[in-house]
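Chain by chain, the residues:
Protein chains: 2
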Amino acid sequence: MISGKFAITIHILTLLNKFPNDYLSSEFIAGSINLNPVLVRKEIANLKAHHIVESKEGKNGGTKLAVDSSKLTLKEIFEMTFETIGLGYAKNQPNPDCPVGKKINQNLDALYAEMNQKVSAQLEGISLEDFSNQF
Amino acid sequence: MISGKFAITIHILTLLNKFPNDYLSSEFIAGSINLNPVLVRKEIANLKAHHIVESKEGKNGGTKLAVDSSKLTLKEIFEMTFETIGLGYAKNQPNPDCPVGKKINQNLDALYAEMNQKVSAQLEGISLEDFSNQF
DNA sequence: TACATTTGTAACATATTTTATTACAGTATG
DNA sequence: CATACTGTAATAAAATATGTTACAAATGTA
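Chains A and B, in that order, give the protein sequences. Residue numbers for the first sequence follow the numbering used here, so the first one is 12 and each next one is one higher. Residue numbers for the second sequence follow the numbering used here, so the first one is 12 and each next one is one higher.
These are calculated hints, taken from the structure and not from any lab test. Computed from a prediction, not measured in an experiment: that's the story for all the values here. Check the hints yourself; a few may be wrong.
The list makes no distinction among identical chains, and a pair is therefore deemed to hold if it is satisfied within one copy or across any two copies.
To be verified - Computed list of lysine-lysine pairs in DSS-like fashion (alpha-carbon distance at most 27 Å, straight line): (1) 129 x 82; (2) 129 x 16; (3) 113 x 75; (4) 53 x 114; (5) 16 x 59; (6) 59 x 75; (7) 86 x 129.
Modelling step: build the complete structure from the supplied sequences, incorporating the hints.
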């Protein structure tokens, strides 16, 4: 469920923020992350769907930020790449004839929802610009 | 990194707490979770290493709680099954010649450390007894 | 004692998820 | 019209998680 999408996406966005006037190619970005360019383009496709970046096809094409980095928060990036954090569920259908099995996922859901609120509140206080300024 | 261990472990502990006077077999527990008994025994081995439960081998054997469930917090369970939550890292070594690649994991670390503090604070306020009483 | 039941653990097998690669059509630049 | 990109699908490989089999060792019970 939790993969490196957030890390990849924030890496991409940090680079775009460092070069606000250039269209960066997926190849260039992939070289900084040390990742396959196709995977970079996939994350960029997601960012485009959320209107965070814009791309230009063809020669000298690439991607650049389409929003003000002081307005974009890590919470929004988090939500774009993961729905939630959590600590997993019983993978198989737990036994519905057991009072615990019957309610376990529901109770875990409630717990994780609260976790997400805490984390969201934290991430909402950090803009891409803030994050980028650490470099 | 993040798997279903927390969910499985808390399910086990909730069951043990519901039957404080019995040694529950891994087979019984597995039946509630709908999981292979060997995997249950593996999580129990971890709990034993932390002195949270005790087991009895042989016929009529099984496992029972060894601590007061009002004193055991979800934070401790969390720490027993995961070191940390997080949103991943660039999997491959990012490019050390790029200012962003060079520091990205370090900056993500700092971010995740803060996330863990928030979540830990939340989980510290919930005992196994509290969680168990929801069923 | 002999048997049944259960833990503990290792070795192996399968399934799932993540990451990588290849390929190529479409688009813009010079 | 050659070059250098994006976009995307199909496939492959690698990593991780989950499941299974097997069996020694322990312990209660007839």
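Cross-check of the supplied hints:
no. : hint     : verdict
1   : 129 x 82 : both (20 Å within a copy, 24 Å between copies)
2   : 129 x 16 : both (20 Å within a copy, 22 Å between copies)
3   : 113 x 75 : between (49 Å within a copy, 21 Å between copies)
4   : 53 x 114 : between (37 Å within a copy, 23 Å between copies)
5   : 16 x 59  : within (15 Å within a copy, 35 Å between copies)
6   : 59 x 75  : within (10 Å within a copy, 53 Å between copies)
7   : 86 x 129 : both (11 Å within a copy, 15 Å between copies)
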